[in-house]
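**Student:** In case you want the letters, here they are:
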Amino acid sequence: MRAKLLIIPIVSILAIMGVIIIRIITNKPPENTVLLAKNMLSEAQLEKSSKFANETFQEALMYYDSAMVEWRIQNDRILLFRNYQQVTAFAEKSFERSENAIKEAKENISNTEEIFEIRIDELGKKIKNFDENFNSFPMNKNHRDAIIKCNFLYSEGIHAYKNKNYTICKSKLDSAEIILNDVNNHYVERLITYFREYPKWNAMVVQTINHSKKNKSFAIIVDKLARELLIYKDGEVFKRFTVELGANWIGDKQQQGDKTTPEGLYKVIDKKQNGKTRYYKALLLNYPNEDDQKRFAINKKNGVIKQGVKIGNLIEIHGNGGTGIDWTDGCIALKDTDIDMVFSLCPVGTMVTIVGSTKSLNELAII
Amino acid sequence: MKRSFLAVTVFLGLTTLILSSCSKVPQADIDAANAAIEQAKLAGADVYVQESFIALQDSLNSVMVSIESQKSRFIKNYSEAKANLANVTKFAAEVEQQAETRKEELKVEIQNTISEVKTLIESNRQLILEAPKGKEGTSALIAIKGEIDAVETSINEINTLFESGDYLATLDKAGAAKEKASAINTELTEVIAKYKANIRNR
Numbered sequence: 001m002r003a004k005l006l007i008i009p010i011v012s013i014l015a016i017m018g019v020i021i022i023r024i025i026t027n028k029p030p031e032n033t034v035l036l037a038k039n040m041l042s043e044a045q046l047e048k049s050s051k052f053a054n055e056t057f058q059e060a061l062m063y064y065d066s067a068m069v070e071w072r073i074q075n076d077r078i079l080l081f082r083n084y085q086q087v088t089a090f091a092e093k094s095f096e097r098s099e100n101a102i103k104e105a106k107e108n109i110s111n112t113e114e115i116f117e118i119r120i121d122e123l124g125k126k127i128k129n130f131d132e133n134f135n136s137f138p139m140n141k142n143h144r145d146a147i148i149k150c151n152f153l154y155s156e157g158i159h160a161y162k163n164k165n166y167t168i169c170k171s172k173l174d175s176a177e178i179i180l181n182d183v184n185n186h187y188v189e190r191l192i193t194y195f196r197e198y199p200k201w202n203a204m205v206v207q208t209i210n211h212s213k214k215n216k217s218f219a220i221i222v223d224k225l226a227r228e229l230l231i232y233k234d235g236e237v238f239k240r241f242t243v244e245l246g247a248n249w250i251g252d253k254q255q256q257g258d259k260t261t262p263e264g265l266y267k268v269i270d271k272k273q274n275g276k277t278r279y280y281k282a283l284l285l286n287y288p289n290e291d292d293q294k295r296f297a298i299n300k301k302n303g304v305i306k307q308g309v310k311i312g313n314l315i316e317i318h319g320n321g322g323t324g325i326d327w328t329d330g331c332i333a334l335k336d337t338d339i340d341m342v343f344s345l346c347p348v349g350t351m352v353t354i355v356g357s358t359k360s361l362n363e364l365a366i367i
Numbered sequence: 001m002k003r004s005f006l007a008v009t010v011f012l013g014l015t016t017l018i019l020s021s022c023s024k025v026p027q028a029d030i031d032a033a034n035a036a037i038e039q040a041k042l043a044g045a046d047v048y049v050q051e052s053f054i055a056l057q058d059s060l061n062s063v064m065v066s067i068e069s070q071k072s073r074f075i076k077n078y079s080e081a082k083a084n085l086a087n088v089t090k091f092a093a094e095v096e097q098q099a100e101t102r103k104e105e106l107k108v109e110i111q112n113t114i115s116e117v118k119t120l121i122e123s124n125r126q127l128i129l130e131a132p133k134g135k136e137g138t139s140a141l142i143a144i145k146g147e148i149d150a151v152e153t154s155i156n157e158i159n160t161l162f163e164s165g166d167y168l169a170t171l172d173k174a175g176a177a178k179e180k181a182s183a184i185n186t187e188l189t190e191v192i193a194k195y196k197a198n199i200r201n202r
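Residue numbers (this note's numbering), protein chains in the order written: chain R, 1 to 367; chain C, 1 to 202.
Extracted from the complex, chain R is given alone in its bound form (with noise of 0.2 angstroms):
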């Protein structure tokens, strides 16, 4: 009696003791699912998923940390009340997460590689055509200043692509565009402004084209934009060349020492050589005619040009060019082998146009 009484308690005790042991062997701690979350989480950080793909990321992290703390929190319980399952379910989550994030990241990376390789690609565009449009444009200090910043900001965009800076890239990107739009913006408005008289410019090629048809003779026309000098023959073009002009060379020349090129209709009064002249050969122009006279007059009465101030004289189309640079007083300066074509081909007399354009602004398609 006294043996059976005290099988019941050994009996219950095994049990229990089965069920722990039941409980330890079944309720295994999810360490192979924490670890796999753990290995994808830091294959997420070096696909750079923090900075590609964060959103996901710091979701994979949240959750890994999350089941990090749920199993201290179930390691903190007794052995036979511990519960692994959110533990694993976080763990998952967080795997879900990282494998996502990689895959955002690889397809964002390359989306901004892109992204950076074609903006890299149109600013450099943009910069071309702003130096092609308006280089030899007399550009203040400050403007040149610009430019030369902007092109800075350009090459360091550049370099920081090269490393894979990507903020610091659209920053600089970023910086030399408003710089550059900025400028731009200011030489469009002033070309659009100088073009106000291609009207006039144009009448005037047409005179001289004429001119040269009707009376079978040498003419030239000087296009300033194109850096330019056409000789026609018979009302058709026959030879061209490059020139240099005067400094400041936009606008129509309105007093001495202004460094521009006058605009209008002229002709060819001497021929200089033989160390008559300090460019090689030059063909002296009637500047001032009449209209530059009677422009400068009422410019001068209106106040507009100083007292004291002269109309200036003495343009030419001499040598000494080929600099490649716009460096005379106002004449219109040809390589050397050039005036002496020109030299010989035109006489005193010939009627020589210079304008802004002879073409226009549409044609030329700048803006």
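Hints are computed from structural coordinates only; laboratory data are not their basis. These numbers were taken from a predicted model, which means no experiment stands behind them. Be aware that one or more of the hints could be misleading.
Unchecked claim - Straight-line distance between alpha carbons at most 20 angstroms, and here's what the computed SDA-like set of lysine to any residue pairs gives: (1) K51(R) - I54(C); (2) K71(C) - R77(R); (3) K149(R) - E179(C); (4) K103(C) - I54(C); (5) K51(R) - A55(C); (6) K200(R) - G251(R); (7) K103(C) - N165(R); (8) K149(R) - E152(C); (9) K145(C) - N135(R); (10) K76(C) - T26(R).
Given chain R's structure and the hints, the job is docking chain C onto it.
**Tutor:** Frame of chain R, contents of chain C only:
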């Protein structure tokens, strides 16, 4: 019989107690590893040796998983975790050193680039003296001088950035300055050559 049953129960209870609680979480080692990682981060490891830093964080995470795993067990053993934590602390010091080395390399690279830019500026200023003095050269020279001045100004900006300790951004800026200075050098050389050729042809 009753006595022996009690003895068995007490023995099992004590054994359980000893096996499950005598081994403590190596908190001091965890703290030391975390402190070493923080130190590596302060040295800029997360910026200058990013991959090593990620590997370092990953190794600590691995140890933390193994610690939790031990805590989950009936019989705990933290000796391996302790050894691994010591390795993490050692690895953190190595990563910190790697960051310092990389920073030193960058510093040298930046200083060399700055020195090259300065040499180019000097050479450019010399070339300016050789450039055409007539009015046909003046306009071009004004523009080029402006560019040289801008490069010189950027050297000051590079130095400021260098002082701030942002070596990657400094290197970008120095590289751009060098490129610009080289371009000016080429441009000036070409301008002078063109001018000389022009003079010869007259």
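**Student:** Evaluate each hint against the coordinates.
**Tutor:** Against the structure, the hints:
1. With a C-alpha separation of about 14 angstroms, the suggested pairing of K51(R) with I54(C) holds against the 20 angstroms cut-off.
2. Restraint check for K71(C) and R77(R): the C-alpha separation of about 11 angstroms stays at or below 20 angstroms, so the hint holds.
3. Only pairs whose Cα atoms come within 20 angstroms are accepted, and K149(R) paired with E179(C) is accepted, the gap being roughly 14 angstroms.
4. Pair hint K103(C) plus I54(C) holds up; C-alpha atoms about 18 angstroms apart against a cutoff of 20 angstroms.
5. At most 20 angstroms may separate the alpha-carbon atoms for a hinted pair to count; K51(R) and A55(C) meet this at roughly 17 angstroms.
6. With a CA separation close to 13 angstroms, the supplied pair K200(R) and G251(R) stays within the 20 angstroms bound.
7. For the hint linking K103(C) to N165(R), the alpha-carbon distance of about 17 angstroms falls within 20 angstroms, and the restraint holds.
8. Distance check on the hinted pair: K149(R) and E152(C) sit about 12 angstroms apart at the alpha-carbon level, within 20 angstroms; holds.
9. Distance restraint check for K145(C) and N135(R): the Cα-Cα separation of roughly 16 angstroms lies within the 20 angstroms cut-off, and the hinted pair is therefore satisfied.
10. Proximity of K76(C) to T26(R) is assessed by CA-CA distance (about 18 angstroms); at most 20 angstroms being required, the pair is judged to hold.
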